[in-house]
Amino acid sequence: MIALLTDYGQRGPYVGMLHSVLSQLAPEEPIVDLIHDLPRFNIRASAYLIPPLLRQFEKGTVFLCVVDPGVGSDRGDIVIETDGFWFVGPDNGLFNLILKMSETTRKFKIGYRPEYCSESFHGRDLFAPVAAALAKGDFSYLARVDQSTQSDLEGWPDSLAEIIYIDQFGNCFTGIHGETLGDEAIVKIADHAIRFARVFSDVKEGELFWYRNSVGLVEIAANRADCRALLAVDVGQRIVVDVE
Amino acid sequence: MIALLTDYGQRGPYVGMLHSVLSQLAPEEPIVDLIHDLPRFNIRASAYLIPPLLRQFEKGTVFLCVVDPGVGSDRGDIVIETDGFWFVGPDNGLFNLILKMSETTRKFKIGYRPEYCSESFHGRDLFAPVAAALAKGDFSYLARVDQSTQSDLEGWPDSLAEIIYIDQFGNCFTGIHGETLGDEAIVKIADHAIRFARVFSDVKEGELFWYRNSVGLVEIAANRADCRALLAVDVGQRIVVDVE
Amino acid sequence: MIALLTDYGQRGPYVGMLHSVLSQLAPEEPIVDLIHDLPRFNIRASAYLIPPLLRQFEKGTVFLCVVDPGVGSDRGDIVIETDGFWFVGPDNGLFNLILKMSETTRKFKIGYRPEYCSESFHGRDLFAPVAAALAKGDFSYLARVDQSTQSDLEGWPDSLAEIIYIDQFGNCFTGIHGETLGDEAIVKIADHAIRFARVFSDVKEGELFWYRNSVGLVEIAANRADCRALLAVDVGQRIVVDVE
Chain A
331 MIALLTDYGQ RGPYVGMLHS VLSQLAPEEP IVDLIHDLPR FNIRASAYLI PPLLRQFEKG
391 TVFLCVVDPG VGSDRGDIVI ETDGFWFVGP DNGLFNLILK MSETTRKFKI GYRPEYCSES
451 FHGRDLFAPV AAALAKGDFS YLARVDQSTQ SDLEGWPDSL AEIIYIDQFG NCFTGIHGET
511 LGDEAIVKIA DHAIRFARVF SDVKEGELFW YRNSVGLVEI AANRADCRAL LAVDVGQRIV
571 VDVE
Chain B
331 MIALLTDYGQ RGPYVGMLHS VLSQLAPEEP IVDLIHDLPR FNIRASAYLI PPLLRQFEKG
391 TVFLCVVDPG VGSDRGDIVI ETDGFWFVGP DNGLFNLILK MSETTRKFKI GYRPEYCSES
451 FHGRDLFAPV AAALAKGDFS YLARVDQSTQ SDLEGWPDSL AEIIYIDQFG NCFTGIHGET
511 LGDEAIVKIA DHAIRFARVF SDVKEGELFW YRNSVGLVEI AANRADCRAL LAVDVGQRIV
571 VDVE
Chain C
331 MIALLTDYGQ RGPYVGMLHS VLSQLAPEEP IVDLIHDLPR FNIRASAYLI PPLLRQFEKG
391 TVFLCVVDPG VGSDRGDIVI ETDGFWFVGP DNGLFNLILK MSETTRKFKI GYRPEYCSES
451 FHGRDLFAPV AAALAKGDFS YLARVDQSTQ SDLEGWPDSL AEIIYIDQFG NCFTGIHGET
511 LGDEAIVKIA DHAIRFARVF SDVKEGELFW YRNSVGLVEI AANRADCRAL LAVDVGQRIV
571 VDVE
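So the protein lines, in turn, are chains A, B and C. The numbering of the first sequence is our numbering, which starts it at 331 and goes up by one. The numbering of the second sequence is our numbering, which starts it at 331 and goes up by one. The numbering of the third sequence is our numbering, which starts it at 331 and goes up by one.
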């Protein structure tokens, strides 16, 4: 299986061109559009969002991940294998939380350049062919790198007390893992002090609450209302967690 | 075939997570994203929209349907078999028109709880595994219920004289079946009296008309213009049908 | 492979209904949603956008293309075979640039009417069954037409000095082929004179530039900003190319 995580958006021809390349090179592989509205150009927020989205995938899945504001510059590319999962994308920090998650991570560079490679769409021209090959068990495009070179992960804590994603309904994902907060915790954001509720239907219409969402993160939401609009916040907004 | 009808929206990771579960559990089954903008949290409008969307499917199709404002509360779940089609989703009225359509309907409950089931995403954790099993002909997750228990369908007429869906271009679907109106009928809505036309290109640019749309419903539209904006209406708006 | 290029939009049930028909009639064929936001009802802009999107497809691909403001009127239908690619859609000019591209083009009409054909959704009821048949190598739905009848392609130059598409981020595609302009060319639009840059990251945030985009067209963009909003332009806006 090949899963796609990008900031390309659903509209336009970009996702379709990825599919056309993947379907031609790996016609037997299911392709899943996991998310195409990763925070646009926001490497850090995306890096924190990616790992929680991966829980229900089986080993062997190839994740093609692209948030790539520096495409066409001299940023490198990277392939990571960890616990039987493969990741392909730009070497710009997007996989820093993946790298933190596991001690049995192997890193590679892409040792291949396609006949034609556009300067602005490496997802289609470089990463997709590599992802298709990996999904078929073909590792010939990989070049080993010195595994002792540590990625610099200082400044990348396990949890991030910020809004890292806002879905189309205004629900605000934070980078805080749900199991690290007790139900009594108060989430403070933009002059609001927000209490826990188990599910949407446990609070009144329009009421703000936080809960542990279906990908395991602390999410700030409002029942049948747009939390983003109520709080007037955006991705990157800082949060403080308090206990009464 | 598994067809998905939800109010999850196209953006975000929700539809992608459904696909990842279905692709892993039923890799041979085609998955069709039939609609992901069912009227948000609106069980009644969605219940009237679902049946007209199903005409072109072959027997054996499993429809995974989710409009579920009460997810995590004590609302039940339901599986319905009718005329060779299967429906899986919340037992909250969403299938009331399906239940009205046929006299050979069998109802079931889901007699299964997954190892992990989130409180806010039963589509992924509960309904998708059941839909995948049904598509493969595995009925072991079903629990029979007393078939003599009638669903209470009072207050659910066959036709609904309201706007039940507005598409992204502003075309307004009503819950009235097209074949029940003659061409001479006048559709009255929000101080407008709207006449029939056969197709968009039969009226002037910007002109309002009603027609029998491609799913068999009376639709109010405007040629190359946004009918919703012209009428300033929303889902739920009442309609009166008149004959001159 | 069947690739879909329409102006149906991603939302609503329209694309899903196409998929359901195609999956039932040609279950073995991969289906790629290449683009569903072709300029709405804009045959001319779409005609110029389609060919550049097709570069990475393999021979035998069937392209189901629909921009069809005259659906239900007396406009005809058309099937084109050129260099091993198949095109199916309305005979309204949408394929005029495809027809210009090749000297070995064969044209057909659809010699088939389905049992039920709606008046507003020929994509689902007429073009999809034909596309599915073609993908399976079944040509029985085609009717030969007099090949000596030339389509009138006057007024359809190879390059179009206009905005032909604006993506969801505001990047403006022109109908000018990238290889026809040198790096020194100045693109003039709406009182702006815009210079070349190789990639987004070569200019400052918010700065306008033009570049040869990943489908080979001259595109006007701004680094991490919405070019459409900065220029206040729309599809159809004229461009002048100048050299200092």
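No lab work stands behind these hints, which were simulated from the structure alone. Don't take each hint at face value.
Pairs count within a copy or across copies, as identical chains cannot be separated in the list.
[Unchecked claim] No farther apart than 25 Å at their CA atoms in a straight line, the calculated lysine to aspartate or glutamate pairs in the DMTMM-like style are these: (1) Lys534 x Glu358; (2) Lys430 x Glu358; (3) Lys389 x Glu445; (4) Lys389 x Asp572; (5) Lys430 x Asp513; (6) Lys437 x Glu514; (7) Lys518 x Glu449; (8) Lys534 x Glu433; (9) Lys389 x Glu514; (10) Lys466 x Glu492; (11) Lys466 x Glu535; (12) Lys466 x Glu537; (13) Lys437 x Asp413; (14) Lys389 x Asp564; (15) Lys466 x Asp532; (16) Lys534 x Asp407.
Structure-based check of all given hints:
{"no.": "1", "hint": "Lys534 x Glu358", "verdict": "neither (47 Å within a copy, 43 Å between copies)"}
{"no.": "2", "hint": "Lys430 x Glu358", "verdict": "neither (32 Å within a copy, 35 Å between copies)"}
{"no.": "3", "hint": "Lys389 x Glu445", "verdict": "between (31 Å within a copy, 18 Å between copies)"}
{"no.": "4", "hint": "Lys389 x Asp572", "verdict": "neither (38 Å within a copy, 55 Å between copies)"}
{"no.": "5", "hint": "Lys430 x Asp513", "verdict": "neither (27 Å within a copy, 43 Å between copies)"}
{"no.": "6", "hint": "Lys437 x Glu514", "verdict": "neither (41 Å within a copy, 41 Å between copies)"}
{"no.": "7", "hint": "Lys518 x Glu449", "verdict": "between (43 Å within a copy, 23 Å between copies)"}
{"no.": "8", "hint": "Lys534 x Glu433", "verdict": "neither (44 Å within a copy, 39 Å between copies)"}
{"no.": "9", "hint": "Lys389 x Glu514", "verdict": "neither (36 Å within a copy, 50 Å between copies)"}
{"no.": "10", "hint": "Lys466 x Glu492", "verdict": "neither (38 Å within a copy, 43 Å between copies)"}
{"no.": "11", "hint": "Lys466 x Glu535", "verdict": "neither (49 Å within a copy, 40 Å between copies)"}
{"no.": "12", "hint": "Lys466 x Glu537", "verdict": "neither (49 Å within a copy, 42 Å between copies)"}
{"no.": "13", "hint": "Lys437 x Asp413", "verdict": "within (12 Å within a copy, 42 Å between copies)"}
{"no.": "14", "hint": "Lys389 x Asp564", "verdict": "neither (34 Å within a copy, 45 Å between copies)"}
{"no.": "15", "hint": "Lys466 x Asp532", "verdict": "neither (46 Å within a copy, 36 Å between copies)"}
{"no.": "16", "hint": "Lys534 x Asp407", "verdict": "between (48 Å within a copy, 23 Å between copies)"}
Checked against the numbered hints above, the structure breaks hints 1, 2, 4, 5, 6, 8, 9, 10, 11, 12, 14, 15 and satisfies the rest.
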